[in-house]
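> For the sequence shown, position 114 (counting from the first letter as 1) is numbered 114 according to full-length UniProt numbering, and the numbering increases by one without interruption.
Calculated from the structure, these hints are not laboratory results. Be a bit skeptical, because a hint or two may be false.
Distance condition first, Cα-Cα at most 30 Å in a straight line; then the derived DSSO-like pairs of lysine-lysine [as the list claims (entries may be wrong)]:
#1 Lys-25 - Lys-75
#2 Lys-25 - Lys-46
#3 Lys-83 - Lys-111
#4 Lys-54 - Lys-111
#5 Lys-121 - Lys-104
#6 Lys-84 - Lys-62
#7 Lys-25 - Lys-121
#8 Lys-75 - Lys-46
#9 Lys-25 - Lys-104
#10 Lys-121 - Lys-75
#11 Lys-131 - Lys-75
#12 Lys-131 - Lys-111
#13 Lys-131 - Lys-84
Simulated restraints, written as ranges between beta carbons of each label pair [claimed, not checked]:
#14 Gln-124 - Ile-205: 38 to 44 Å
#15 Ser-118 - Ser-146: 23 to 29 Å
#16 Gln-63 - Ile-127: 28 to 34 Å
#17 Ser-118 - Lys-72: 32 to 38 Å
#18 Glu-113 - Asp-29: 31 to 37 Å
#19 Pro-66 - Asp-138: 28 to 34 Å
#20 Asp-21 - Asp-70: 20 to 26 Å
In this text, a Cβ means the ideal position worked out from N, Cα and C, and glycines have one as well.
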Amino acid sequence: MDSKAESLKKRGGMHIFTSIDGLSKRFIDLCLEEIGREGYCGASLKVPSWRRIKEALNNEFKQSLPYDLDQKALKNHWDALRKKYAVWRTIAGVNGYNNGTTGKLDWPESKWEEVIKSQPKAAQFRISGLKYADNLYDLFEGVVASENESFLNTSAEVPRLPPLEADKDSANAGTQSNTGTSNNPGKRKRLEPADDDGIAKLDEIIELVEEHVLFYKQHKEEKKAEQEEYKWLKKKHVSKTSLNSLSKKSTSG
1 MDSKAESLKK RGGMHIFTSI DGLSKRFIDL CLEEIGREGY CGASLKVPSW
51 RRIKEALNNE FKQSLPYDLD QKALKNHWDA LRKKYAVWRT IAGVNGYNNG
101 TTGKLDWPES KWEEVIKSQP KAAQFRISGL KYADNLYDLF EGVVASENES
151 FLNTSAEVPR LPPLEADKDS ANAGTQSNTG TSNNPGKRKR LEPADDDGIA
201 KLDEIIELVE EHVLFYKQHK EEKKAEQEEY KWLKKKHVSK TSLNSLSKKS
251 TSG
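Model the full assembly from the supplied sequences, consistent with the hints where possible.
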């Protein structure tokens with residue numbers, strides 16, 4: 001891996017998805033497929049879904065990627081897209097929008113100045129709108145709407161971590177490892193070394209635990225950012241009705 005690729009990886013792959021043509025759209029499509037297959041895990045995807053998406057992207061874009069994508073890079077892009085959609089949803093829902101397919105907000109300059117003054121992050125949509133607006137609506141609308149509803153009701157519970165998905169054989173491996181000892185301290189038997197299959201299963205369990213720890217840390221960061229967003233919404237006195245207006249307009253349109 002060259003120095004440029006190593007630098008990109010250290011930053012969590014944030015620029016990879018914008019520099020490789022088609023990578024971001026394929027990521028979104030795969031996420032939608034996984035939601036239909038596995039469903040959500042809180043405001044994110046389940047561990048098996050992340051694994052399949054990682055394998056698919058690394059295989060399909062092998063010639064273009066400077067390094068193999070890991071779950072951190074995928075989760076960072078997920079978060080970036082979700083936050084972008086949340087900003088677009090807020091300004092479009094409160095102020096009205098014209099095109100839900102392209103995400104283009106066709107407002108006069110005076111309107112843009114007013115919106116950007118109250119919500120500086122809206123400036124990113126002034127020229128090009130929200131790319132893949134329809135797909136991001138399908139991907140994040142339910143998640144973002146639930147988060148806003150939760151904040152407006154002053155309830156922000158931390159979701160439980162998804163259960164470890166090691167198979168029954170992996171779970172039994174730990175109990176079987178104790179069968180080499182006797183309850184009688186005078187007749188202890190020497191533990192047999194784990195075979196290759198047992199080591200592989202143990203590695204799989206360790207990987208799952210690490211992924212769950214990463215999930216928890218990222219969840220804490222997400223909640224911190226969402227609390228800041230909620231403070232802004234509360235300060236601007238945005239009502240539940242105005243937050244839900246985007247969904248109503250999408251249905252009527």
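> Work down the list of hints and note, for each, if the structure agrees.
Evaluation of the provided hints:
With a C-alpha separation of about 15 Å, the suggested pairing of Lys-25 with Lys-75 holds against the 30 Å cut-off. Between Lys-25 and Lys-46 the alpha-carbon distance is near 20 Å, which keeps this suggested pair within the 30 Å criterion. This hinted pair checks out: Lys-83 and Lys-111 have alpha carbons roughly 22 Å apart, not beyond 30 Å. Using a Cα cut-off of 30 Å, the hinted pair Lys-54 and Lys-111 is violated, with the two alpha carbons roughly 41 Å apart.
A distance of roughly 15 Å separates the Cα atoms of Lys-121 and Lys-104; the hinted pair therefore holds under the 30 Å criterion. Restraint check for Lys-84 and Lys-62: the C-alpha separation of about 27 Å stays at or below 30 Å, so the hint holds. A threshold of 30 Å between alpha carbons decides the hint, and for Lys-25 with Lys-121 the separation of about 22 Å falls inside it, so the pair holds. For the hint linking Lys-75 to Lys-46, the alpha-carbon distance of about 11 Å falls within 30 Å, and the restraint holds.
Of the supplied pair hints, the one linking Lys-25 and Lys-104 holds, its CA atoms being roughly 18 Å apart against a limit of 30 Å. A C-alpha spacing of about 21 Å is found between Lys-121 and Lys-75, which places the hinted pair at or below 30 Å, so the restraint holds. Note on Lys-131 and Lys-75: the hinted pairing holds, with a Cα-Cα distance of about 19 Å set against a maximum of 30 Å. Our distance criterion of 30 Å between C-alpha atoms is met by Lys-131 and Lys-111, whose separation comes to about 21 Å.
Simply put, Lys-131 and Lys-84 have alpha-carbon atoms about 10 Å apart, close enough for the 30 Å limit, and the pair holds. Here the CB-CB span from Gln-124 to Ile-205 is close to 42 Å, well matched to the stated 38 to 44 Å. For the pair Ser-118 and Ser-146, the supplied restraint of 23 to 29 Å holds, since their beta-carbon distance comes to about 24 Å. Under the hint 28 to 34 Å, the C-beta atoms of Gln-63 and Ile-127, about 31 Å apart, fit the expected range.
About 33 Å separates the C-beta atoms of Ser-118 and Lys-72, a value consistent with the hinted range of 32 to 38 Å. The beta-carbon spacing between Glu-113 and Asp-29, approximately 36 Å, falls within the hinted interval of 31 to 37 Å. Between Pro-66 and Asp-138 the C-beta distance comes to about 30 Å, which sits within the given range of 28 to 34 Å. The hinted range of 20 to 26 Å is satisfied by Asp-21 and Asp-70, whose Cβ atoms lie roughly 21 Å apart.
Checked against the numbered hints given earlier, this structure breaks only hint 4.
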